[in-house]
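Trainee: What follows is the residue order along each chain.
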Amino acid sequence: MSQQQVLEAQSLTVQRGGRPVLHDVSFAVGEGEVFALLGGNGAGKSTTLLTFLGLIEPHQGRAMAFGQDVQGNEDAIRRKAAYLPETASLYAHLNAWENVSYFLELARSPRPRDELSQAFDEVGLPADARDRRLESYSKGMRQKVAIALALLRSVPLLLLDEPTSGLDPVAIDEFNALITALAERGSTVMMVTHDVYGACQVARRVGLLRRGELVGTFEAPPEGMIDADELHRAFARSHAS
Amino acid sequence: MTALVRELRFALSERAVQLIVLIAFAASTAAVIAGIEAVNDQQALIDRLVLATDEERAVAVESASDPGDMAYYAFHLTFAPPSALAFSALGTRDTLPWKHRLRMLALEGQLYESDVGNPELSLSGRLDFAFVVAVLLPLLLIFLLHDGEAGERRAARHDLLRVTATEGRNLFTVRAIARSLLLLAAILIPFLVGAVIQGVGLPGIGVVLGAAALSLVFWLAVCLLTVRRVDAGPTCAISLLGIWLVLAVLLPAGGKLAARNVVEVPQGGELLLTQREAVNDAWDLPKPATMDPFIERHPRWAPYSTVSRPFEWKWYFAFQQVGDQAVEKISTELREGIKQRDRLMGMLSFLSPPLLTERLMTGAAQTDVAAFQRYEDCVRAFHGGLRSYYYPLLFEERPFDDSAKRELPKFSPCAQDSGR
Amino acid sequence: MNPVIRVAAEEWRYWRRSRLGLAASLVIVSVLLASALATWRQVAIERNQRAELQTTAENIFYDQPARHPHRMVHYGHYVFRTPPPLALIDPGVDEYTGAAVFLEGHRQNSATFSPAYSGPHGGSFVSLSPATVYQVLVPLMLIALGFSALARERERGSDLLLLAAPMSARGLWLGKTLALAAAAALVLLPLLAAVLSATGFALDGIALVLGYGLYLLGWVCLTTSVSARSRSSSNALAVLLSVWLAVCVVLPRIAASGAEVLLPVPSKIEADLAVAKAMRELGDGHNAADPAFEQLRANLLVQHGVDRVEDLPVNIRGVVAEAAEAEQKQVMDGFSEAYAQQEQAQAEAVRWSSFLSPLLAIRGFSTSLAGTDLAHRHRFLVEAEQARYQFVQDLNRIHASDLTYTDDIRRSSDAGAEQRTRVSPDNWRSLAKFRLTPDSLADRLSRGMPFFLLLAVFLALATGLGITARPAGVR
Chain A
493 MSQQQVLEAQ
503 SLTVQRGGRP
513 VLHDVSFAVG
523 EGEVFALLGG
533 NGAGKSTTLL
543 TFLGLIEPHQ
553 GRAMAFGQDV
563 QGNEDAIRRK
573 AAYLPETASL
583 YAHLNAWENV
593 SYFLELARSP
603 RPRDELSQAF
613 DEVGLPADAR
623 DRRLESYSKG
633 MRQKVAIALA
643 LLRSVPLLLL
653 DEPTSGLDPV
663 AIDEFNALIT
673 ALAERGSTVM
683 MVTHDVYGAC
693 QVARRVGLLR
703 RGELVGTFEA
713 PPEGMIDADE
723 LHRAFARSHA
733 S
Chain B
3 MTALVRELRF
13 ALSERAVQLI
23 VLIAFAASTA
33 AVIAGIEAVN
43 DQQALIDRLV
53 LATDEERAVA
63 VESASDPGDM
73 AYYAFHLTFA
83 PPSALAFSAL
93 GTRDTLPWKH
103 RLRMLALEGQ
113 LYESDVGNPE
123 LSLSGRLDFA
133 FVVAVLLPLL
143 LIFLLHDGEA
153 GERRAARHDL
163 LRVTATEGRN
173 LFTVRAIARS
183 LLLLAAILIP
193 FLVGAVIQGV
203 GLPGIGVVLG
213 AAALSLVFWL
223 AVCLLTVRRV
233 DAGPTCAISL
243 LGIWLVLAVL
253 LPAGGKLAAR
263 NVVEVPQGGE
273 LLLTQREAVN
283 DAWDLPKPAT
293 MDPFIERHPR
303 WAPYSTVSRP
313 FEWKWYFAFQ
323 QVGDQAVEKI
333 STELREGIKQ
343 RDRLMGMLSF
353 LSPPLLTERL
363 MTGAAQTDVA
373 AFQRYEDCVR
383 AFHGGLRSYY
393 YPLLFEERPF
403 DDSAKRELPK
413 FSPCAQDSGR
Chain C
721 MNPVIRVAAE
731 EWRYWRRSRL
741 GLAASLVIVS
751 VLLASALATW
761 RQVAIERNQR
771 AELQTTAENI
781 FYDQPARHPH
791 RMVHYGHYVF
801 RTPPPLALID
811 PGVDEYTGAA
821 VFLEGHRQNS
831 ATFSPAYSGP
841 HGGSFVSLSP
851 ATVYQVLVPL
861 MLIALGFSAL
871 ARERERGSDL
881 LLLAAPMSAR
891 GLWLGKTLAL
901 AAAAALVLLP
911 LLAAVLSATG
921 FALDGIALVL
931 GYGLYLLGWV
941 CLTTSVSARS
951 RSSSNALAVL
961 LSVWLAVCVV
971 LPRIAASGAE
981 VLLPVPSKIE
991 ADLAVAKAMR
1001 ELGDGHNAAD
1011 PAFEQLRANL
1021 LVQHGVDRVE
1031 DLPVNIRGVV
1041 AEAAEAEQKQ
1051 VMDGFSEAYA
1061 QQEQAQAEAV
1071 RWSSFLSPLL
1081 AIRGFSTSLA
1091 GTDLAHRHRF
1101 LVEAEQARYQ
1111 FVQDLNRIHA
1121 SDLTYTDDIR
1131 RSSDAGAEQR
1141 TRVSPDNWRS
1151 LAKFRLTPDS
1161 LADRLSRGMP
1171 FFLLLAVFLA
1181 LATGLGITAR
1191 PAGVR
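Chains as they are written, first to last, in my numbering: chain A, 493 to 733; chain B, 3 to 422; chain C, 721 to 1195.
So here's chain A without its partners, still in its complex pose (with noise of 0.2 Å):
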């Protein structure tokens, strides 16, 4: 491969409570590539995203970002990272301004008002909604905060855990087309779903993961999209055997 691997692992290993969840994964990422990892219940997506944050140890092999290893880097690739994990749940008493302010406080990387603001219409959050606590807030607003902090955060690497959860099909289409404006502006994103379809919209490229191991990868031809039925057809399969 041409391009710089922004992700890449390296014959992961991961164990939890004596039982491995992930067992010799090896994949890479490279820049401006949109990946995702697609799995069914308990495959080991979420441990794969959480890995790559330092916040699970591997056992054995490596998790590569940027060209360093996670382990001993945590900060440094955190500081290049925006999480969007699986249930977002900011905080309730916090309206999308607060929230997604206070967030960027956190990452010491405050952002003008007109920025939150353009990034809530990218995402597509009502104007009317966003001085209201996310208390009042349906699953699916809440998760467009949580993607537009994502954004917000502008950094090189996007790591989404179930992006599109709670979303309505307008939403989904909106946050594929973020996503792919995204990684065309230079941006790497690797999601993890168990969506089928979703993963087909968005990613040029899909590995599938079966109880903790890569059962295969699949790629989009240069001016397509990988094909679902196909992806289907072997997420069956390998969940049938």
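Hints are not guaranteed to be accurate.
[Stated by the list, open to error] FRET-style restraints, in silico, Cβ to Cβ:
1. B:Arg156 to A:Asp660: 24 to 30 Å
2. B:Val63 to C:Asp1163: 45 to 51 Å
3. C:Ser1166 to B:Arg299: 52 to 58 Å
[Said to hold, decoys possible] Result set (DSS-like, lysine-lysine): computed pairs, CA atoms no more than 27 Å apart in a straight line:
4. C:Lys997 to B:Lys407
5. C:Lys997 to C:Lys1049
6. B:Lys289 to B:Lys331
7. B:Lys341 to B:Lys331
8. C:Lys1153 to C:Lys1049
9. B:Lys412 to C:Lys997
These are computed hints drawn from the structure, not numbers from a lab. Cβ coordinates follow ideal geometry from the N, Cα and C atoms, glycine included.
We have chain A already, so just place chains B and C on it with the hints.
Mentor: Coordinates of chains B and C only, in the frame set by chain A:
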């Protein structure tokens, strides 16, 4: 620093924090007001009593025809005024005496008269600032901090916070510090206002602030260590409460029980009975039986020690003194025993930070056992002064005129470091 | 098996498997036993010492040689306050109440030497008496054990499974409450044993245990009710601990401070000064010639038809002393009764706070039944005063009847007269033995009854909170 400012602002936005800080502020305010009221009441009472005793004594002095009469009928008020800091730690002032109405009779019979507060109120204890700092502050801190990390974990925010915050997991430490500072401020502000009203000097304020900070730092450390080790909020709360229970309740109470058992003190009743025997037997004994032990202690009056009439004042007051001498040993043992028990509690307090805080604060406010014993010493000294005044008049039979009457010692509280 | 009992049994199994609740309970129970034993021993020693001192004081008085009776009035006597048997369970105000009173003519002395005088000080509770442990610590144990009883099921969604069993929400609450109540009953056993060994099988002891049972049951129901109404276990715990903190730690102090500030009691010294002033106006009972007793003297002369006091068949000095003492008593009683009333008013003010704090209710009930409340102190002072007045007036009457006036006035100068004014030590025997008996059962029960009713209200409210909780499975 910016992280701390950020977390302070964030903490103030949380409803639970607002509520607890508000409760702390209310409790501290109530404690300070109650303390000031109690101290003002004590001071007003002293003023009334001084006035009334002076009035009563003036009548006795005026009408006295000889020094013996005056010594018998003139009462004096001894007292320990509340220090400027007393409002912050009422201490033992509701259970140990700090005022007496005394005359020249045997001191030991008078010293143990205790004019103290309502025992049913003492059973509950008082709401004072020392209680807020020593007992309430740790509990409120536990409420504030026990769920700091576990709550974020339950809300599935823990990972996001850790990877987003530049300080990583230390974020939770900064948060805990921010919350503690808010709590400390809420507790200290009413105290500072009270201290200014009561005219407490900077050193006094410094000791209290130090004690409060010490208490806070200790409990903050305990909370942080526990929170790191225990994942579930409720488990953490119960563990912390258990630690509080041991340190704030069990150790002091167990220590009191132990101190009573380790250090024996003479029975008060035994002292009273012995002293009465010594004083009353004198009536039936030959005069030398009284005068000899008296002269042994006060050889200065030997030339004047012959008692020729059945009743003479000098003999009467000599047997009062001999009565005191008879119980000197028991009385010293009692005093030493009390001191020893207090010393044990002092040693124990190094194991129990709440007790240490309380002792630091009552010490600074001069409402502890040591201050009570200093007051007793002060009373003894004053009573000794009365004897030095009367004995020349009684024994040498110096002229007893108005100028001699004017020399009668007047009680003034012993100079204590007033904390002003 | 009855489904309610099934739920309770399931809860017990859960406890056996979770170390936390069990550890908390074990710690509290062992503290409870240790403290109970230690305090028991302490109070038992105090009781013996005071009883011994009382006997000693009496023997000393009886052994006095022949003397002038008024000498014995000033020689005086000591009485000691012996705590009632149930003080072993609840020492109440004993710690802060003087244990000895010196009885003498013309004065009402205060009680001196409370255990607190020489005792160590410090800490947030007076002592860990069995009463304190049951009032303050056992509720905490019940909370630790039961806070998650229903909230836990709700968090896990297992309540739905239970409700589908089918099991009514009320039945579920009842089962969990039963489980916790069994724990409370178990903890109550040592108290029952202690009470039985303190008083034997007596009504007051049994009533005391019943009161504590009611109180603990109130906490049991409160715990399960809050658990049933909370979204999560941690919410339930936060609410329960806040209630415990307010009820057991903060409110009693607020009540005491409030009572002190709002209803100040004057100082004993103030009363002493006022008594001294009033007595100066009454006249000196030592001086039969004091103009204050002119009327008495004149009446006496007329009554016996003589012209001179020397001719009276009684010793005028004794008569005057008796009359003076009677008048002085009236003045002194006025002050001491007012003082006692004001102290009582403060205590009442604290008790009114029982409406807010079940701890104050059980404390009121417990000290009333044990006879260690403020009334105990006041009755000691009243009985001591009766004993004082009785022996002083007995001696004054002997002074009036057994001594002649002529001898009495010449005794300082005439050795023969002095001998004749001494009366036989047999007379000292008239001093009655002083034994402070516990208040009558009826008194104690009637003092405790309002508190018992308050505890019942507490239990009813806590139960109401539980049975009206929305079915746990409905979200």
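Trainee: So which of the earlier hints does this model not fit?
Mentor: Going through the list in order, the structure violates no hint and respects every one.
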